Each structure stands twice: as structure tokens, then as C-alpha cells.
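J.: Each chain is listed here by its residues.
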Amino acid sequence: MNARKVSSAFQLAWQLALLLLLLVAVGCMVGSDGWAWAQWRTDTDLILDIRLPRTLGACLAGALLGLAGALAQGLFRNPLADPYLLGSASGASLGVAIGMVLLSQLDMSPWFVRVGITGMAFMGAWLAVALSLVLSWGVQHTLRLLLAGVVVGVVLGAIASLLLVMFPQIQGSVQSFMLGSTAYVSWPACGLMLAVLALSWAASVAASPLLDGLALGESTALSLGLPVKSLRWVLLGLLALCTAAAVAQTGLIAFVGLAAPHLVRARYKGIHGKTLSLSCLMGAVLLGGADLLARGLMAPLELPVGVLTAILGGGYMLYLMRGMSSGSSAGRGGRL
Amino acid sequence: MMAMKLVRPLVLAGALLTGAGVGLIAQAQQTETSQVVKAFQLTDDRGRVVVIDKAPQRVVTLLPSLGEIVCELKACELLVGVDRYSNWPDRVKSLPKLGGLDDTQLEALVKLKPDLVLLARSSRVTQRLESMGIKVVALEPQSQEDMHRVIQLIAGALHLPNAKERAETLWQSIQQKLDAAALRVPAQAKGVRIYFEAGSGYFAAGEASYIGETLKRLGLVNVVTANMGAFPQVNPEFVVKANPQIIFMGERAANDLPSRPGWQRIEAIQQQRICSFPPAQSDIIVRSGPRIPEAAELMVACLKRLYPA
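So the protein lines, in turn, are chains A and B.
All residue numbers for the first sequence refer to our numbering, where the first residue is 1 and numbers rise by one.
All residue numbers for the second sequence refer to our numbering, where the first residue is 1 and numbers rise by one.
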């Protein structure tokens, strides 16, 4: 068990990519009545309109969360960091809650119809992160940033709960948002997430030397001549962007962002540039697989995808932990 | 918990706390063309203008009250799918169930090839359906007056023959049945102070709600006045102070009524004047659909039990 093979980045990458392709292919074949291998000819419209965008959307959102998780864990040098660390989850929930309240009131302003629930979630997540940054007076102090994130999360979460109590008719909608769902991802949403992913992936890989430097300690990073402050801003911005883009389209998917980097590091240890890319792939596989199970397991009923990511990711992490405790912890270091 | 059961359909009726009957007034205009194809144009509750140019043959409703209206307009055979909470009339029970407003089964819905989907404003599938070219109309009856409008819009949207008359007939029959129910209220019950608990956590059905409208029509005085909102959450102390003479609530919530601190002082509890409704009846009472007269009858039946002539 503890002799788990450490593979090369390339090896892991093509394994994950293959798995991903398989998931997308199978994803097109799982319909409302469960597995539908035979009817793929008659279901072409359904596949193109519904199954393909939702499968791709799940993978893209997973990739965004995986990337965000790897960024967060690298930036905060904390294996417990996840994409929602800076309050974006509570911010997004609050945005959705406000959106649903507006939606349930009769007089809707036309701007709101255009922004929609997705827009509200996106703005909420962004504003929460911005608030955390302002309250921590910048990005220099990791601890202050984390605490500000916690405070913002708690306060915004409390306001969202208050709205839920005051307007009970929005409870169902907000709750289903908090559980996450990949069921209603459309083609434009896929395009949007793909654009964000491409941009953030390229930028974060380019800025990843900072994470490698930070892994050795803040002062080491500085002494290496890295522009720590400005790169931190960039990476935090990317973290917020990835999280907000994923959350807006699929709701609060639990655990993918936390688990993906860990699952990658269990198989590959190396520089952050590669870990980030692999975390993208791992996140995509995780959420893509969870999406598949969510609609396949109890078809035609659909399980909330967030519940499955938690069970799947959590289960695998426990399995990894078992291997860790019984064997050498030296190689894994404190950063797993 | 019963009360929770009460809340959920309320939520689905989409009509909680929204300030009954204010706001958007959707107008329907029938463009005057030949008798064969009249395009029907309406502004739905999202403020969207929807043009329905031919008579829908396959209709899906995602709100129990909307399905009930379609059936009461004698167009039940047009329905091909409903939400999971729809359970009336019997024909609806055999139709495919497509989930709720927050977890609608998109693919199952699209597979039914509907040409019109009636849903609530908060529905999550609205945009996805529209992007696939399916006609979507969001309608939520907020008050009894508002239901008149919704019935007319649905009759028009379905291109029913004599749509206007049919809608008017349904509306008039609802009104007549309500008047008839009001006449059967025992004389001693008139003007009595009442409190209607619509959901756990002291959510009351105020005078401004459609439930409150029915209660008012029966000659009862709601302790939760119109200025407090349609379904406000009230302080338990407020109810004790208001001292209602009758309490309406769900069956299970009624069980622990005596154990609520201080509530023994309330006249309704001292004199055992409690109207509690089992889940099947709650469905009828909390939906803002065409079965409001039935809801009124249930209330009257209870009043008769409490005040035997």
C-alpha cells in the first residue's frame, strides 16, 4: 500500500486525459432513463442539446475547481485550503439568495433578468474575495488573509441565512444551489468556463514559480528574487476568477477543489507548474465522474452532484491517508 | 413537521410573502385575425412577451396550481407531464413526473416534446428550455384576483375554443362556490378572531395572502393584518397577545400546540377551538389554484364542528 508508485507527470496526464475522454463518451450515453447505449441514433438532439453540454460543463467546472484548489493550497501553504477559502462560497450563496428574493418579488427590473442567478452568484463570489482582501489590508500576511476570509464567510453566510428565514420560499432554490448541480449547464456556459479556464491555466502556470518559491518559505521566495507581492495578487485574482466562474454555473460543488490537488500529489510530486495542470485534469475527472453517477445511479431520479463528489473524493482521500499513516511519511512531507 | 409539509406546497405555489397581487399586470391581447389561427400574445410574470401562434398540443406544467387550472379549463388531455407534487385531478397522477422547480429533470422533460411549458418564475430550467426553442410561460397566481388573470392567460395560451368565456365560466363558478361556502358559516363564527399557521417557525397566513382572502370571505377576522405581509413570520408572543379564538394549522403541528410556552392562555387553546388539517387537505388549502372553494369548504366544515348550531 505505502509503496504506491510515483509516476511521471506525463504518465499521469495521459492516464487522466484518457479517463476524461471515456467519461465524456459515456456521459453522452447516460440519459434520463439510465444507460442508453442503443438509442444514440435517435437521441442525437438530446445528446447535443443536453448531455454533451452538461458533461463538458461538469468537466470544465471540475477543472476550474481543481486549478483553484491547487492555487489555494500553494498560496496559503496549507493542505486544507480549498477554493472557497476567501469567502467566495458564502458570497455566492448570498448573491443567489438576493437573486431569488428579487425574482420572487413581482417588480423585476430588466437589468436583473439579464444578470440572472448565474450573474448574481458570480458577483457574490467576487465581492466576497474582494472584501476579504480589503479587510486584510492586502495580500502580504497569509494569516490575516485567512482570518479575513473566515470572517467574510461567516458574516455573508449569516446574511444569506437571514434572507432564507425571512423569505422561506427561496429555501429550496438556495439549498439546491448549495448542493451544486451540473444538470442545467448550457453551451454558452461551457464556452465561458472554457475561456476562463484557458486564461487562468496559462496565467497560473506562468506564475507558478512563486508557488515553488513559497513552498520553501516566504523569506526564501523573496531571496530568490521573486516578485512575491505582485505575483500573489495575480494568483489570488485567478483563484477568485476560477472559483466564481465554476460556482456561478454549477453551484457550490463540495470537495473537488480540496481533493484534486491531493489526489495529484499522491501520484506525482514535482514543481507547481505541472501540479496545477494535473489538478485541472484531476478535477475534471472527479466532477465528470460524479456527474455521470449523479444521473446514472438512480435514473430517472438525479442525485445532487455535490453529495457524490464529497462521497467519492472523501472516500479516496481516506484510502490515501491509510496508505500514508502506515508507511513512510518522509517522502510525502507536510504538504500532502 | 406537518407544518413543513404545509410550507413546501406553499413554496411551490410560489406565492409566499410576495405581497399579494401587487406589481406586474400582464396583459393579454388577442390579435384579431382569422378564426383558424389566432396568435395569442401575453406578458408573463417574468415580464417576457410570449407569442403563442398555434394551439399547443403537448403541455407541461411545473406548478401544481397551474396544472389544476389547465384541468379545470377542461384541457387536461393536453397535459403530457407535471411536477412531482401535482396530485390532482386523478388524470395527473398517471402522467410522467418531472421533478420540482429546483431539480427539474431536463432531459425527461425535453423528451416529452412539449410545445408549451407553464412554470413559476423561480424555475431553474426556464432559460435552458428557451434556448432549445421550447415556449415557456411563467405564471404564479398571487391572490384570488390575480388568479382570474392567470386563468384567462392560460385559456388564451392554450388556444381553447371560446377561451374567454371558458375562463370566465371557471372564474364565476369559483366565485359562486366561495359565496355559497360563506353562506354556510355558522352565525356564531362570524367576526371571530383567527390565526392561521402556514408553516413551522410561526409563519402565518396573513390577511393579504390568498388563504387570508378566503378566511376574510368567510367572515373571520385575521389577527395577522394585511400590513404585516402575506406570509409573515410572527413572534409567538404576538399570537398570545392577539388571543385568537380559533387556530388553523397542520395536523402534526397541532399536536405540540399545548406545549408552546404561554400559549395555554390563548382562548382558542383553552376552548379547544383548533382546526387542523391532514396532509391531503393541506394540499388543497395551501395551493393558490382553482380548488380555493374546496379549501373554503374544509374551513367551513371545521367551523361547523366548532360551533354546532
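Hints may be right or wrong, so weigh each one.
Beta-carbon label-pair distances, calculated as ranges [said to hold, decoys possible]: (1) Gly191(A) <-> Lys113(B): 22 to 28 angstroms; (2) Trp35(A) <-> Pro236(B): 49 to 55 angstroms; (3) Pro161(B) <-> Gln175(A): 39 to 45 angstroms; (4) Leu194(A) <-> Pro161(B): 48 to 54 angstroms; (5) Arg184(B) <-> Trp35(A): 54 to 60 angstroms; (6) Gly119(A) <-> Lys54(B): 29 to 35 angstroms.
Among chain A residues calculated to face chain B with C-beta under 7 angstroms, some are [said to hold, decoys possible]: (7) Thr42; (8) Thr44; (9) Leu46; (10) Asp49; (11) Ile50; (12) Leu103; (13) Ser173; (14) Ser176; (15) Ala183; (16) Tyr184; (17) Gly296; (18) Ala299; (19) Pro300.
FYI, nobody ran anything at the bench for these hints, they're computed from the structure.
Bear in mind that the values here come from a model prediction, so they are computed numbers and not experimental data.
Using N, Cα and C, we set each Cβ at its ideal position, and we do this for glycine too.
J.: Evaluate each hint against the coordinates.
T.: The hints, checked one at a time:
no. : hint                                        : in the structure
1   : Gly191(A) <-> Lys113(B): 22 to 28 angstroms : holds, 27 angstroms
2   : Trp35(A) <-> Pro236(B): 49 to 55 angstroms  : holds, 52 angstroms
3   : Pro161(B) <-> Gln175(A): 39 to 45 angstroms : holds, 43 angstroms
4   : Leu194(A) <-> Pro161(B): 48 to 54 angstroms : holds, 50 angstroms
5   : Arg184(B) <-> Trp35(A): 54 to 60 angstroms  : holds, 57 angstroms
6   : Gly119(A) <-> Lys54(B): 29 to 35 angstroms  : holds, 34 angstroms
7   : Thr42                                       : violated, 10 angstroms
8   : Thr44                                       : violated, 13 angstroms
9   : Leu46                                       : holds, 6 angstroms
10  : Asp49                                       : holds, 5 angstroms
11  : Ile50                                       : holds, 5 angstroms
12  : Leu103                                      : holds, 5 angstroms
13  : Ser173                                      : holds, 5 angstroms
14  : Ser176                                      : holds, 4 angstroms
15  : Ala183                                      : holds, 6 angstroms
16  : Tyr184                                      : holds, 5 angstroms
17  : Gly296                                      : violated, 12 angstroms
18  : Ala299                                      : violated, 9 angstroms
19  : Pro300                                      : holds, 6 angstroms
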